[in-house]
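Given next are the chains, with one letter for each unit.
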Amino acid sequence: MVEFIDLVLLGMLAITAMRIIFLKDLFAVVMLFGIYSFLSALIFVNLDAVDVAFTEASVGAGISTVLMLGTLALTGRKEKVNSHTAWLPLIVVVVTGAALIYGTLDMPPFGDSNNPVQQHVAPRYIQDSPQEIGLPNMVTSVLASYRAFDTLGETAVVFAAAIGVLSLLGLPKQEKSAIESGLKSHLVLRVVAKLVIPLIILFALYVQFHGDYGPGGGFQAGVIAAAAIILYALVFGLPTAAHVIAPSLLKALAALGVLIYAGTGVASFFLGGDFLDYNVLASDPVAGQHIGIILIELGVGLTVFAAMLCIFYAFAAQAERTNIQ
Amino acid sequence: MIIEAASTLFLILGAFFSLTGAVGLFRFPDFFTRVHAASVTDSAATIFIIFGLVLRTDFGLVAVKLLFILIFLLITSPTASHALAKSARHGGLLTLVETEATKKEDSD
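Going line by line, the protein sequences match chains A and B.
Take the first sequence: its position 220, counting from 1, is numbered 220 in the numbering used here, and each next residue is one higher.
Take the second sequence: its position 56, counting from 1, is numbered 56 in the numbering used here, and each next residue is one higher.
If you're looking for bench data, these hints aren't it; they were derived computationally from the structure.
Wrong hints could be hidden among the right ones.
Here are the simulated DSBU-like pairs of lysine-lysine, each with C-alpha atoms no more than 30 Å apart in a straight line [claimed, not checked]:
id : chain 1 : residue 1 : chain 2 : residue 2
1  : B       : Lys86     : A       : Lys194
2  : A       : Lys24     : B       : Lys86
3  : B       : Lys65     : A       : Lys194
4  : B       : Lys86     : A       : Lys78
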């Protein structure tokens, strides 16, 4: 039964991918990307990887759809007509694809417990993390403690992406006489948004601090909180949102998150451990691990929230500027 | 036993309403009727499916979480349908009856 569901989902994934390739309307393509992400999230759920599924649904289907729509608002929704023939690229793709399929012939059988990937570090994480870290959600233990270097790198990548977009587009300036935007005439939307936004922020906080015990963590929480503010900006207008959460504050928050993360590592240096070795943060190693994980998840959440919102502000401000001209 | 049968019934009903919504989305003639089909799916199918799922839990935390999801969806999905229809109206899209009326006037 599980295999059947997997097959159906993979088939739908393939159909979506084919439509994405052949459609010329970029708006529809962005929507299909969202569907693609939801389908992969379902596959991850089927594989019992709920944390990954959560990230895929919130980041892949949620925030990146919004950001791609923001890009379309700047660039237009039609794909440029391609006039030259595509024989050489086709040959390259066919050869590469054939090589990849040939490469899979050497792969160990799917899902076998004797595979190298099950034998390498996973048994140690599964056996020792309850004693060493003591968190019910093993994914958080691996992500935030055993693999803390990787996660630090990911946080830095998100931060760098925000810096890149800001240096290209710039943030909205806070002007007193800002133009009115938002959906003034949509009374229902305004009321429902007021109802829903606090709930979304509450859910983001739950995901942030419950990540030690269930699926969730800084990445998902940051994205969900950013989605709440994006909804606010869409319904009530960008100037109002920029008044509530100032762009300059966001810049500081994005840097602060990375600082908290790296600072936790440096603190463990000074307390006599290795970089990002949380055992030394408290007298009891397990308590130290808990403090360290909460701190770095907070850093991740802050950076992701601020970076995503910065990027959205930059796109939206640019789109409003072009609308005026 | 009865609970499980009821749950199965609810899930099948939910699946049925999802299917009719999808058929309606493809077969109905214009935008507004299609939004109507999709929004019926959103409301009726979610209610049935979530109640069907609640009956399969042991009525603890999971059931409460499912009810939260239901409330959230019952608030947001009609709003989404409303926003779609209102934007279409605002953009000048006519309903099927109005389009036919204008066609008649043109031909007269």
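**Asked** Which of the stated hints cannot be reconciled with the structure, identified by number in ascending sequence?
**Response** none
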